[in-house]
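So the sequences go chain by chain: A and B.
Per our numbering, the first sequence starts with residue 1, numbered consecutively.
Per our numbering, the second sequence starts with residue 1, numbered consecutively.
Careful: at least some of the hints might be erroneous.
As the list claims (entries may be wrong) - As a list, the in silico DSS-like pairs of lysine-lysine whose alpha-carbon atoms are at most 27 Å apart:
(1) A:Lys45 with B:Lys8
(2) B:Lys8 with A:Lys489
(3) A:Lys45 with A:Lys352
(4) A:Lys489 with B:Lys11
(5) A:Lys263 with A:Lys29
(6) A:Lys352 with A:Lys496
(7) A:Lys263 with B:Lys8
(8) A:Lys29 with A:Lys352
(9) A:Lys29 with A:Lys496
(10) A:Lys29 with A:Lys45
(11) A:Lys352 with A:Lys31
(12) A:Lys496 with A:Lys31
(13) A:Lys212 with B:Lys11
(14) A:Lys356 with B:Lys11
(15) A:Lys356 with A:Lys496
(16) A:Lys352 with A:Lys263
(17) A:Lys29 with A:Lys356
(18) A:Lys212 with A:Lys31
Keep in mind the hints are simulated off the structure, nothing from the lab.
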Amino acid sequence: MFGLHIWDFATLALYLIGIIFAGLWAARKVKTVGDYFMGGRSFGKAFMIMHAFGTGTHTDQAVTVAGASYKLGLGGIWYQWLYLFATPFYWVIAPIFRRLRYITTADYFEERFGRSLEFTYTLWGLLYFSLQIGTMLLGTGKTASAITGGAVSEWTAIWIMTVLFLSYGLMGGLPAAIVTDFIQGIFIIVLSFLLVPFVLNAVGGFAGLHAKVPAEMFSLIAPADPPPGYDRITEYFILMVVINALVGIVAQPHHMEVGGAGKTELEGRVGWTFGNMIKRLCTVAWALTGVACIALYPDLDDPEHAFGMASRDLLPIGLLGIMLASMIAAVMSTCDSFMVDGAALFVGNFYKRYFKPEASDTHYVNVGRIVALFVVAGGLLVADQFKSVVQIVRFSWSFVAFFGIAFWGGIVWRRCNSAGAWAGILVSGILWYLSSSVWGWELPDQYLLYIIGGFAAMIVVSLLTPEMDTDRLDRFYTILHTPVGQEHKLREAGIKVVLE
Amino acid sequence: MFDLEIRKPNKETVVGFIVAWICVILVMLLTMFIAQIGA
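Could you build the full structure based on these sequences and the hints that come with them?
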């Protein structure tokens, strides 16, 4: 059935029905906008860990890393490990998001810099979510097609996944996403490690692997002359990628809820840091699978097919169904959150701001559901336009950093103003375009140029233009410096927050 | 000119940050160990 044995199909169907029920069960708790978009800030550490892990981990990453490792050796791991050295900093960054008490990152830009930046960020955020949803669906569609030997086409797989996460995500919002992420996170771990013993067995164990694959493919530092389409991964490359990650991570639009949906700051930082730490471990398994595929499939035209082909050829009946379920889990656990986060951006920072400032929570939640559909439709359009997963990933790495420069400026420097924030974004964007598209620089050199240029522009322009309104800054920094649990201090200062 | 809004980190921040770095180092060592098995 669909290129699958009946037991594989039954395993897959059972999982999908179960996840829909779990999502709909969580949906009954949704009463307000705060519930729908932020889960009422009610989640504990275990849920937050699995939510951060599930949201941050998708099948296309396994596909990309396995593909890159197939081409570059173990050094291909850096296509996902680029955030490895940034991970400990999540412990420091996460409380910022919980403490700001906003629903979206666009709320931050509005409070700190004004509506022009809020509006621009909202547009960018919606584009970002569509881009990411497209990437994930495309990557998983490819793999599902490879696993079923083409019986299920890329686009059939994409449509099935889309209908599934829409079925519970639209009703249940973020609570449904977080509850299902807990189950799906377990499946993602299965996805990562299930294939490893089978590929190792197929190549004759670790000894066989070393006998069949050149020694240099086991180095964490990739070859100096990589094939076309891949980067020269050196210590300098890794350093610049980490710096770029630390600049940009704060501007990824879903991180406001990844850091803010927990009960307290501790839940946010434990979830964000250690959810991602689990992902780093899973990445090792993806890379190992890719290296083993060098021995298994020496002449693959598309390295991104390696993971799917190994699954199809090596997994026994029953386990292939679990692998497919896990792949779908990894996509749905991210797409459901991104869909809700995109809707939150549109409803809170666009629709409510410019069209209907006073309406019931039910109205906003219903508008959010409709918008969520459009966010996903945008993702499907993107998936149709971009043919390589790596191409999309590279594109998004740079874009988040432009807004990250403005974000950090607003957090750490009181003198940073709206003009300075705009200058940081525009100058870094222009430098990125020149260095990547006109001058053809390598990725780390692009990062170095636009990060230094962006921060310099932000500082200079802020100093040359008037300071921002003192009351506005006092209100912002009072919120930022008031720990969660001490909201009475905000009330005493006459500061209202949307959702404590 | 650069009156930065950075406060002294509390104990939870410092300890958690160190623990997270230890985890990173352990993940890297584990990866290098796995890469050498059977070599």
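Consistency of the hints with the structure:
Between lysine 45 of chain A and lysine 8 of chain B the alpha-carbon distance is near 25 Å, which keeps this suggested pair within the 27 Å criterion. A C-alpha spacing of about 20 Å is found between lysine 8 of chain B and lysine 489 of chain A, which places the hinted pair at or below 27 Å, so the restraint holds. Restraint check: the Cα-Cα separation between lysine 45 of chain A and lysine 352 of chain A comes to about 32 Å, which exceeds 27 Å; the hinted pair is violated. As the CA atoms of lysine 489 of chain A and lysine 11 of chain B are separated by approximately 22 Å, the hinted pair is consistent with the 27 Å bound.
Between the alpha carbons of lysine 263 of chain A and lysine 29 of chain A the distance comes to roughly 16 Å, so the proposed pair stays at or under 27 Å and holds. A hinted pair counts as satisfied when its Cα atoms are at most 27 Å apart, and lysine 352 of chain A with lysine 496 of chain A qualifies at roughly 17 Å. Of the supplied pair hints, the one linking lysine 263 of chain A and lysine 8 of chain B holds, its CA atoms being roughly 24 Å apart against a limit of 27 Å. Restraint check for lysine 29 of chain A and lysine 352 of chain A: satisfied, since their Cα atoms lie roughly 23 Å apart, inside the 27 Å limit.
Simply put, lysine 29 of chain A and lysine 496 of chain A have alpha-carbon atoms about 25 Å apart, close enough for the 27 Å limit, and the pair holds. Proposed proximity of lysine 29 of chain A and lysine 45 of chain A is supported: the alpha carbons are some 19 Å apart, at most 27 Å. Between lysine 352 of chain A and lysine 31 of chain A, the direct Cα distance comes to roughly 18 Å. Compliance with the 27 Å bound is thereby established for this hinted pair. Of the supplied pair hints, the one linking lysine 496 of chain A and lysine 31 of chain A holds, its CA atoms being roughly 21 Å apart against a limit of 27 Å.
The hinted pair formed by lysine 212 of chain A and lysine 11 of chain B fails the criterion: a straight-line CA distance of about 50 Å is larger than 27 Å. The hinted pair formed by lysine 356 of chain A and lysine 11 of chain B fails the criterion: a straight-line CA distance of about 45 Å is larger than 27 Å. Annotation: proposed proximity of lysine 356 of chain A to lysine 496 of chain A holds, straight-line Cα distance about 20 Å (limit 27 Å). Proximity of lysine 352 of chain A to lysine 263 of chain A is assessed by CA-CA distance (about 26 Å); at most 27 Å being required, the pair is judged to hold.
Distance restraint check for lysine 29 of chain A and lysine 356 of chain A: the Cα-Cα separation of roughly 25 Å lies within the 27 Å cut-off, and the hinted pair is therefore satisfied. A distance of roughly 58 Å separates the Cα atoms of lysine 212 of chain A and lysine 31 of chain A; the hinted pair therefore is violated under the 27 Å criterion.
Checked against the numbered hints above, the structure violates hints 3, 13, 14 and 18; every other hint is satisfied.
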